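From first to last, the protein sequence lines stand for chains E and L.
Be aware that the first sequence starts at 178, since it is given in the numbering used here, and climbs by one per residue.
Be aware that the second sequence starts at 178, since it is given in the numbering used here, and climbs by one per residue.
Think of the hints as simulated: they come from the structure by calculation, not from any bench.
Being a predicted model, the structure only gives us computed values, none of them experimental.
Take these hints with a grain of salt, some might be off.
In this list, chains with the same sequence are indistinguishable; a pair is considered to hold if it fits within one copy or across any two.
What the hints assert, rightly or not - Heads up, simulated DMTMM-like pairs for lysine to aspartate or glutamate below, C-alpha to C-alpha not over 25 Å straight-line:
{"#": "1", "residue 1": "K185", "residue 2": "E275"}
{"#": "2", "residue 1": "K185", "residue 2": "D378"}
{"#": "3", "residue 1": "K393", "residue 2": "E334"}
{"#": "4", "residue 1": "K393", "residue 2": "D366"}
{"#": "5", "residue 1": "K185", "residue 2": "E343"}
{"#": "6", "residue 1": "K220", "residue 2": "E343"}
{"#": "7", "residue 1": "K185", "residue 2": "D366"}
There are 2 protein chains.
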Amino acid sequence: MGAQAREKVVVLLSGGMDSATALAMARNEGFECYALSFDYGQKCREELHAAAFLASSMGAVRHFVIPIGLDRYGGSALTDERPVPRSGEARTEFGIPETYVPARNTVFIAFALGWAETLGAHTVFIGANSVDYSGYPDCRPEYIAAWNQLARLATAEGASGGRPVEIRAPLMHLSKAQIIRTGRALGVDYGMTVSCYAPQDGLACGKCDSCVLRIKAFAEAGFPDPAPYVEA
Amino acid sequence: MGAQAREKVVVLLSGGMDSATALAMARNEGFECYALSFDYGQKCREELHAAAFLASSMGAVRHFVIPIGLDRYGGSALTDERPVPRSGEARTEFGIPETYVPARNTVFIAFALGWAETLGAHTVFIGANSVDYSGYPDCRPEYIAAWNQLARLATAEGASGGRPVEIRAPLMHLSKAQIIRTGRALGVDYGMTVSCYAPQDGLACGKCDSCVLRIKAFAEAGFPDPAPYVEA
Numbered sequence: 178m179g180a181q182a183r184e185k186v187v188v189l190l191s192g193g194m195d196s197a198t199a200l201a202m203a204r205n206e207g208f209e210c211y212a213l214s215f216d217y218g219q220k221c222r223e224e225l226h227a228a229a230f231l232a233s234s235m236g237a238v239r240h241f242v243i244p245i246g247l248d249r250y251g252g253s254a255l256t257d258e259r260p261v262p263r264s265g266e267a268r269t270e271f272g273i274p275e276t277y278v279p280a281r282n283t284v285f286i287a288f289a290l291g292w293a294e295t296l297g298a299h300t301v302f303i304g305a306n307s308v309d310y311s312g313y314p315d316c317r318p319e320y321i322a323a324w325n326q327l328a329r330l331a332t333a334e335g336a337s338g339g340r341p342v343e344i345r346a347p348l349m350h351l352s353k354a355q356i357i358r359t360g361r362a363l364g365v366d367y368g369m370t371v372s373c374y375a376p377q378d379g380l381a382c383g384k385c386d387s388c389v390l391r392i393k394a395f396a397e398a399g400f401p402d403p404a405p406y407v408e409a
Numbered sequence: 178m179g180a181q182a183r184e185k186v187v188v189l190l191s192g193g194m195d196s197a198t199a200l201a202m203a204r205n206e207g208f209e210c211y212a213l214s215f216d217y218g219q220k221c222r223e224e225l226h227a228a229a230f231l232a233s234s235m236g237a238v239r240h241f242v243i244p245i246g247l248d249r250y251g252g253s254a255l256t257d258e259r260p261v262p263r264s265g266e267a268r269t270e271f272g273i274p275e276t277y278v279p280a281r282n283t284v285f286i287a288f289a290l291g292w293a294e295t296l297g298a299h300t301v302f303i304g305a306n307s308v309d310y311s312g313y314p315d316c317r318p319e320y321i322a323a324w325n326q327l328a329r330l331a332t333a334e335g336a337s338g339g340r341p342v343e344i345r346a347p348l349m350h351l352s353k354a355q356i357i358r359t360g361r362a363l364g365v366d367y368g369m370t371v372s373c374y375a376p377q378d379g380l381a382c383g384k385c386d387s388c389v390l391r392i393k394a395f396a397e398a399g400f401p402d403p404a405p406y407v408e409a
């Protein structure tokens, strides 16, 4: 086994199509993959099962689900008593959907950085994507660039002039259709990914932002969407 | 009540002397204080009781203790099966004490940023200090500066060209003796703060890095240390 094969990566894995694709890309680059998910009180519990399945079936050597109390302070329609809005509805005063979870990706990357440091990994993959874009501030290229500045200073090895941990967002500039084509070529089973913010009896609602983006993505990619929907 | 009195701040509160002083400084500036602590599996459980007492006695309007699984991936003598080393012992390969918890402050600030955003606060206080310094990479001014770059991009309001959340480390350039003098002038009860990494029956060990720094600090400040020690 060469040095390349032994490089470790921490992959943030939500259970949705983007992070599943990021995991497939990491595996394809020869990384030894450590998958990281979070139970942050999200209403969509199915995505945690999806993450476990994807980690296992795609050869991650370990999968952690870290319980974190993001729902303690609320602030998102994904975690508090508000209903999950239909796509396009219910923007906040800053023009961002109500499904935005304050500092979610920031918290996720912080944990990934800590696990990477503990493992001796120098790479974190996140499936953030700025095309066909949710409007979330923490999915943009300048946000990831700022994280890399911080990561250089935040870890023991990086701060000692050694190799820093790099935060990579390999899907950043891909369209959703390109993501699906890439993932299919790498063997991602999109039928096992969960995108819906509020599934009902295991069926995607087809109406929330995340469903609407996904449906559009599969249409553009020219493949049938294997996910089951409430209204076909 | 003026506008100044209604500004909110999230104060990271460990229960030690630095964060207690940061809370006192925030209160003294007229902020409405929201105190945030974490149960990350630290062996020193006393510090969480201390944090609750300090938040309550120093007028924080709310105190959250967020359980987070930092101990899941280990990597520190403060959370895993290793004993807490005596001061000066057991440095890692990067010259940093074994008590360093990978990405701890990074995770803490990420949560504070999310709570600040939810509250409509624009300030986070952290008691990080680079003088009489632990050697931890995540306590340095350049680290806090990088966080402020990230925070400008990470929140909905900041990313929309509005007011970002500012991460402030008001103790950064104070010596430990200056911190104690400042806190005493602001009414901090240092007898209720817990610095020891591994107290025994409520008594500080007097030998770990944190105890040694504290003992030195009180000696330099010219005040008796009100904390109880195993060996007086």
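| Violated constraints from the hint list, given by number and in increasing order | 2, 3, 6
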